[in-house]
Amino acid sequence: MKKCEQLRIKYIYFFFIFLFVILSARIGYLQVFKKKFFSSLAQSQYYRLIPLKGKRGKILDCKGRILANGINSHSIFADPSLIGNLDETVEVISSKLALSKKELKSKLQKKKRFVWIKRKVSWKESEEIKLLKLNGIMSIREEKRFYPQENLSFSILGIVDIDNKGLGGLELSYDTYLQGKDGLVRVLQDASGESIFTPLVVIPAEGADIILTIDSQIQYWTENYLEETIKKFSAKKGSVVVMNAHTGGILALADYPSVNPNQRDEIFFGSMKNCAIADYFEPGSVFKVVTLLAAVGENKFSDEDIIWCEKGKFKIPGTILHDWKPYGELSFKDVFKKSSNIGVAKIASSLGKTILYRYIKKLGFGEKTGVDLPGESAGVVKLPHKWSKTSKFIIPIGQEIGVNLLQLTRLFSVVVNGGYLVKPHIVRNIRSQGFSKEIAQDKKRVVSPSVAQRVKNILIEVVEEGTGKLARIPGVKVGGKTGTAQKYDPKIKKYSPTKYRASFIGFIDDYRQPLVIGVTIDEPMKFHFGGVVAAPLFKEIAQKVVDYLDMDVQVAEKQEHKTTQLGH
Amino acid sequence: MKRSISFTPLDPSFKGSRRVYPCGLDSKFFSLMDKHPMGLILVVFVFLSAFFYLHQKVLYYAEGYQLTKSYHRFDKLLDKRDSLMYNFQKKVSLSKINQWTKDNGFVFTGKEIKLALNLKKEESLPSQSKLAFLFNRFFKIPGTPSTALADERK
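Chains A and B supply the protein sequences, listed in that same order.
Be aware that the first sequence starts at 2, since it is given in my numbering, and climbs by one per residue.
Be aware that the second sequence starts at 525, since it is given in my numbering, and climbs by one per residue.
No lab work stands behind these hints, which were simulated from the structure alone.
If you're wondering where the values come from, they're calculated on a predicted model, not measured in any experiment.
C-beta atoms are modelled at their ideal positions from N, C-alpha and C, and glycine is treated no differently.
One thing to keep in mind: the hints can contain errors.
[What the hints assert, rightly or not] Incomplete in silico selection of chain B near chain A, CB under 8 Å:
#1 S555
#2 D599
#3 M609
#4 S617
#5 L618
[Claimed, not checked] Have a look at the derived ranges for each label pair, beta carbon to beta carbon:
#6 A:K362 <-> B:N628: 50 to 60 Å
#7 A:N458 <-> B:K626: 21 to 31 Å
#8 A:Q442 <-> B:L608: 37 to 47 Å
#9 B:S573 <-> A:Q434: 40 to 50 Å
#10 A:E92 <-> B:A574: 51 to 61 Å
#11 B:L608 <-> A:E89: 24 to 34 Å
[Said to hold, decoys possible] Far from chain A by the CB rule (all over 10 Å, computed), these chain B residues:
#12 L566
#13 L572
#14 Q580
#15 K581
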């Protein structure tokens, strides 16, 4: 070969080597220095992170019955860009899901890639939609909150919104505990778009379960009898509280009217308000127990002391005080047994407003009880320097003061449990995997046991011989106080002659678990006395509760044994 | 003992000896492998490793598909169970149970109910027939036949 030919071959040889080196360098640069960038780009195309929703915790009553739970449901959505025949799709979907055709069509005509059609449909509906295999119509799994007991305890439980966040009641106040923690799973997406689960998963955590002090059976009876009473007297509304006087645990808290939280369209504005804690009102004669406690606590009166009740008419600064029946001389005990306004006003006046105000505050009025439900009102208590000359006579008889039913119930628990002011609560325990929190009981002594005992005995006589006779239960020692309060009418700017609030707060004297039952009925029509409207409701509930809880009540009379003849 | 078969080589310039392998094939490749056995082992090893690695990968994805399928089936069963529980719990709410007890007059027994049984006094058998009865029972001596036997006969 000639030299020049050999040289040419060498040049070509070196040229290709040079190209090879450049290519190798480029490949090396891409694969070594740019490795992270390209591998993450590739991974982002075929790996996806899918959130896994943590299940919301359950709400159970004290016996373990489920009051609120989550179930799996499906929500139907659409990708309007993928829909084939719009009219046919609208026709089919609207008939299957009972939706308006016009609204559905306008939704599917939007220039969006994601549009909700219907959230949280039943399993049957979702299966029917899946079988249709319509283009652009898909479903996603979501948790739906379900209340198996329907209307029962609605005012306590509250509801959640469409995204399972608490809106009222316990669902709101314990939302942080009930909410589950979301997890994650990495999925591989193949060429056909199907996802393959990988072992890389952050397991979602379930929300904590809440165990209540509520007993659903007692709650049922309470709600049932309350509804009957309200319908019987054509009242506007009413509330009942059943509370353990030792612990403050609430066994039942009923409001009327109530709604079924599973039927969203039944829920109206204001239906979630818990009237037993949110509404404050002038309590009337029920509030006389504060004066009684103050008088006994200050040791200013003995049971036999005589008070002149002015024959039913007593002139006080600004107005004339009346009794429901004209009384002359009454003993200290009889003033409360017969619920004399004049007698109580005179007793309170002799105590003075300082002592009275001290006892009102000591017994928890004018501040929230601290119950674990949202929307509680503190009530209204005028400061002593704002009391008028009339106030010192009429505040003790339950006017010019605003209290809620729970505060009144708590007042009576002081009498029954030996002088302790308890903190009412509805939640007993919060329980989760590897975690359990018992709600601590909170109480403080406000009166001595002897004072509480003496007041209790007087209140027992109120039922046995006084205005609360309709609350008497044969064989069971009960006590209480009736209340009939005129309501202030802002239209006529004075107390209404026709609108009343009838109340009865009573207790069942059991040494193991004394119960206090507070009843209040707003604007009963046919009769308005607490002893006629509210006391019988107390009796019905108390009778059921005594048998149900197998209470070892102090027997007032000899019990008659029932005998049953068999065979004929 | 290696057999050597002599034959006329195709290439007249070839002067060396050739080994014939048991398969009867005359191959340069095999001769090369014969000279470098480690090379063959390496190639086979690499091939097998790559093959098993690929097999493992495919299995992994196949299991992934299976797992996803199982998840979907599990989810479907859960949904069905929840739907059934929903339907069931709706019908056995406390309100419905209490209503049923009220409608059917179902009353729980109280804790202190005395039962008075109205028992008729049995007529005592005359002593003679008692004895006969006993004899009849134990020694199978015919006496006054018992009503039980009489009933059985009937």
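Hints breached by this structure: Numbers 1, 7 - these are the hints that the structure violates, sorted from lowest upward.
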